[in-house]
Amino acid sequence: MKLLLITLSLLLSSLASAQAQSMAGTGSLYRALGENAGITRLMDDFVNRVIRDERISGHFKKTKPQLLKDSLSAQICQLSGGPCQYKGPDMKSAHADMDIRKSEFNALVEDLQAAMDTKGISFADQNRLLAILAPMHRDVMAKD
Amino acid sequence: MKHPAFVFSVFYFFAFSAYAGTADFKVLDKEGKPLPDAVVVLYPHTPSAPVVPKTPIVIQQEKMRFVPAITVVPLGTRVRFTNMDTWDHHVRGTAESVKSAMSAQSDEPNFGLRLSAKAEGKTPSSADVLMDKAGTVLLGCHLHGSMRGHIFVTDSAWTAKTDAEGMAHFDQVPPGATQMRVWHPEDLLGQASQTLQITEQVWRSTVQLNVVPRRRRI
Amino acid sequence: MKRIFPLAVLPGLLLAAGQAQADTGKLLLTGGVSSITGAAGGGLTPWAVIGTNATEDETGFSSYLTRVATQDYSLNSYGAAIGLNDRVELSLARQDLDASPTLALNGVAAFGITPGQHVQMDVLGAKLKLAGDAVLDSDSWMPQIAVGLEYKQVRPGSLQSVFDFLGVRNSGTDVYVSVTKLLLDKGLLLNATLRSTNANQNGLLGFGGNSPANSSRSLQSEFSAAYLLRRNLAIGAEYRNKPNNLEALGASAGLADGLHEDSWKDLFVAWAPNKNLSLTLAYVDLGQILPGVTAGRKQTGYYLSGQVAF
Numbered sequence: 000m001k002l003l004l005i006t007l008s009l010l011l012s013s014l015a016s017a018q019a020q021s022m023a024g025t026g027s028l029y030r031a032l033g034e035n036a037g038i039t040r041l042m043d044d045f046v047n048r049v050i051r052d053e054r055i056s057g058h059f060k061k062t063k064p065q066l067l068k069d070s071l072s073a074q075i076c077q078l079s080g081g082p083c084q085y086k087g088p089d090m091k092s093a094h095a096d097m098d099i100r101k102s103e104f105n106a107l108v109e110d111l112q113a114a115m116d117t118k119g120i121s122f123a124d125q126n127r128l129l130a131i132l133a134p135m136h137r138d139v140m141a142k143d
Numbered sequence: 000m001k002h003p004a005f006v007f008s009v010f011y012f013f014a015f016s017a018y019a020g021t022a023d024f025k026v027l028d029k030e031g032k033p034l035p036d037a038v039v040v041l042y043p044h045t046p047s048a049p050v051v052p053k054t055p056i057v058i059q060q061e062k063m064r065f066v067p068a069i070t071v072v073p074l075g076t077r078v079r080f081t082n083m084d085t086w087d088h089h090v091r092g093t094a095e096s097v098k099s100a101m102s103a104q105s106d107e108p109n110f111g112l113r114l115s116a117k118a119e120g121k122t123p124s125s126a127d128v129l130m131d132k133a134g135t136v137l138l139g140c141h142l143h144g145s146m147r148g149h150i151f152v153t154d155s156a157w158t159a160k161t162d163a164e165g166m167a168h169f170d171q172v173p174p175g176a177t178q179m180r181v182w183h184p185e186d187l188l189g190q191a192s193q194t195l196q197i198t199e200q201v202w203r204s205t206v207q208l209n210v211v212p213r214r215r216r217i
Numbered sequence: 000m001k002r003i004f005p006l007a008v009l010p011g012l013l014l015a016a017g018q019a020q021a022d023t024g025k026l027l028l029t030g031g032v033s034s035i036t037g038a039a040g041g042g043l044t045p046w047a048v049i050g051t052n053a054t055e056d057e058t059g060f061s062s063y064l065t066r067v068a069t070q071d072y073s074l075n076s077y078g079a080a081i082g083l084n085d086r087v088e089l090s091l092a093r094q095d096l097d098a099s100p101t102l103a104l105n106g107v108a109a110f111g112i113t114p115g116q117h118v119q120m121d122v123l124g125a126k127l128k129l130a131g132d133a134v135l136d137s138d139s140w141m142p143q144i145a146v147g148l149e150y151k152q153v154r155p156g157s158l159q160s161v162f163d164f165l166g167v168r169n170s171g172t173d174v175y176v177s178v179t180k181l182l183l184d185k186g187l188l189l190n191a192t193l194r195s196t197n198a199n200q201n202g203l204l205g206f207g208g209n210s211p212a213n214s215s216r217s218l219q220s221e222f223s224a225a226y227l228l229r230r231n232l233a234i235g236a237e238y239r240n241k242p243n244n245l246e247a248l249g250a251s252a253g254l255a256d257g258l259h260e261d262s263w264k265d266l267f268v269a270w271a272p273n274k275n276l277s278l279t280l281a282y283v284d285l286g287q288i289l290p291g292v293t294a295g296r297k298q299t300g301y302y303l304s305g306q307v308a309f
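Protein chains in written order, with numbering that gives the first Met the number 0: chain H, 0 to 143; chain D, 0 to 217; chain R, 0 to 309.
Since the hints were derived computationally from the structure, they do not count as laboratory data. Virtual Cβ for every residue (Gly too), placed ideally from N, Cα, C. Hints are not guaranteed to be accurate.
[Stated by the list, open to error] Partial list, derived from the structure: chain H residues whose beta carbon lies under 7 Å from chain R:
no.: 1; residue: Gly26
no.: 2; residue: Arg48
no.: 3; residue: Arg100
no.: 4; residue: Asn105
no.: 5; residue: Asn126
Work out the full structure: start from the sequences and follow the hints.
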């Protein structure tokens, strides 16, 4: 019972410190990702993985990779609290008529995780970014 | 006569009415279901050129789509591309030949239009293109690879697009030997034109294309 | 169920071999591990996640092998599960408990228990996801919600005489509802399960009982928390409340608190070296199990489990 209490308090204190980190204000994730330069490098790696990922590369056959990298960099910059203003299409419009499956969405997440690993982004910061992007699954996989 | 990819069944209806010379075509897909957005073109014994509209025909870019996706216009029409989205589009049009439809390569576009994003409360940006060659034009967007549309430029007054029930209707079709052609963007093999003998009656026939319908998940 | 069980595992193994190249599906560890009754979740309690690696539009398969050993008892468990469309989970599990300490019950009455008696229990599980996405709905408090049932059949061998004496039945069904939420930005998974059960010691001591004091079916709450240290490594804790149906019965039969039942707890670490394999090691505290024959010892020990999933 004592051991259980110790473990629970350890869990709660790590939770508290994680909470403190995320409450450091918007922009802290932007800085953790390496700001504009870091995000650009990250999206470069990510898009390169995605277009070579056999599970999903079919969806990107007609995509111009550099345009996608630029668009994603602007979006991530804005979403992570950076000073960018994304002016492109919303996620629902951007993925209209693509018939994206859940397994394909998950494959993309894995590619993003691999890219973040390569760029040395901490696991905690990775999850903070994923937590911002994850709700987009409703728009990306919208069926209409 | 039977063509492997082109199953043609004819049903005759005899109706003695004052409206002689109407023709109704029902177009079906590979599974026998109604195929909308197919273009039926008739070249009757006495042909007639289509009337060129005085004002441009508008094709909008809206929510990452060409609206309408398939537009039928008479030869000589001005088509106006209008960007209704809040982001830029770079519309490209390529005249399709049989060769380009079947090969994986994309031809050099015949026209490219940079249309800037629509600002709230302001008029959208647009540009006109003259459709001066009969045939089909494939529309795309350089910025957004998934955008796809078609323009069918016709030189016959008897051209119609099938509706949701796959029906195309023609009035006042002159009797006699008539060339009929059916086109659909996903009918990659293409159709040989068929000769019909239209008499002064209500003409009805069904055409089945080798088109696999795009399955939409519910 | 005794006969079909081994046969049920075989096609699953074949399917697994054929699907060995299946690479897509769920994100790592988001299908949970296999609990000791076969349902996906933590080691001791089911979660609202649907097991296997299959996500929407896919069918997945998993199988596991678990061993638990405490001071006086040891339990082996193995089973298989199928995940359909990330919505339905069907599982089949077998538990094999070495109940040697129960030999001492022969001293209480002429039960005729044979030495080294094992108790076997088969569990047929079904789970249905009702709503939510534990992982991706990170912008709301909405958890993933699932309902499930576990149909259990126990074969006590020579302990049947004890079962008859206690008036417990040899089969029973647990029904539960689970809510699971991954707080993605914190890497913390939380689960709460509410279970309606009349099982004694998860079913290993039969179902229900002659107990006059309480109705044998009750609602029990179960909790899990898991913290992701890395994408493939999690630590956590579970707490499972249990009914205590037999203690009063035992007391009225002169056994004092010999049939007392405690809650189960564990502290675990789960590691997934790749998408198809996960290993869980836990310290378990199963409280008293038949304290009457184990001198009231608290049963603590290890839990070791391996799961293969496609």
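Using Cβ atoms only, decide whether arginine 48 of chain H comes closer than 7 Å to chain R, and label the hint accordingly.
-> 14 Å, violated
Restraint satisfaction for arginine 100 of chain H [CB to CB of chain R, less than 7 Å] = Status holds, d = 6 Å.
When the nearest CB of chain R is found for glycine 26 of chain H, is that gap smaller than 7 Å?
-> 15 Å, violated
Verify the interface restraint on asparagine 126 of chain H: the C-beta must sit less than 7 Å from at least one C-beta of chain R.
-> 5 Å, holds
How about asparagine 105 of chain H: closest beta carbon in chain R under 7 Å, or not?
-> Result: holds, 6 Å to nearest chain R Cβ.
In summary, the numbered hints that this structure violates are 1 and 2.
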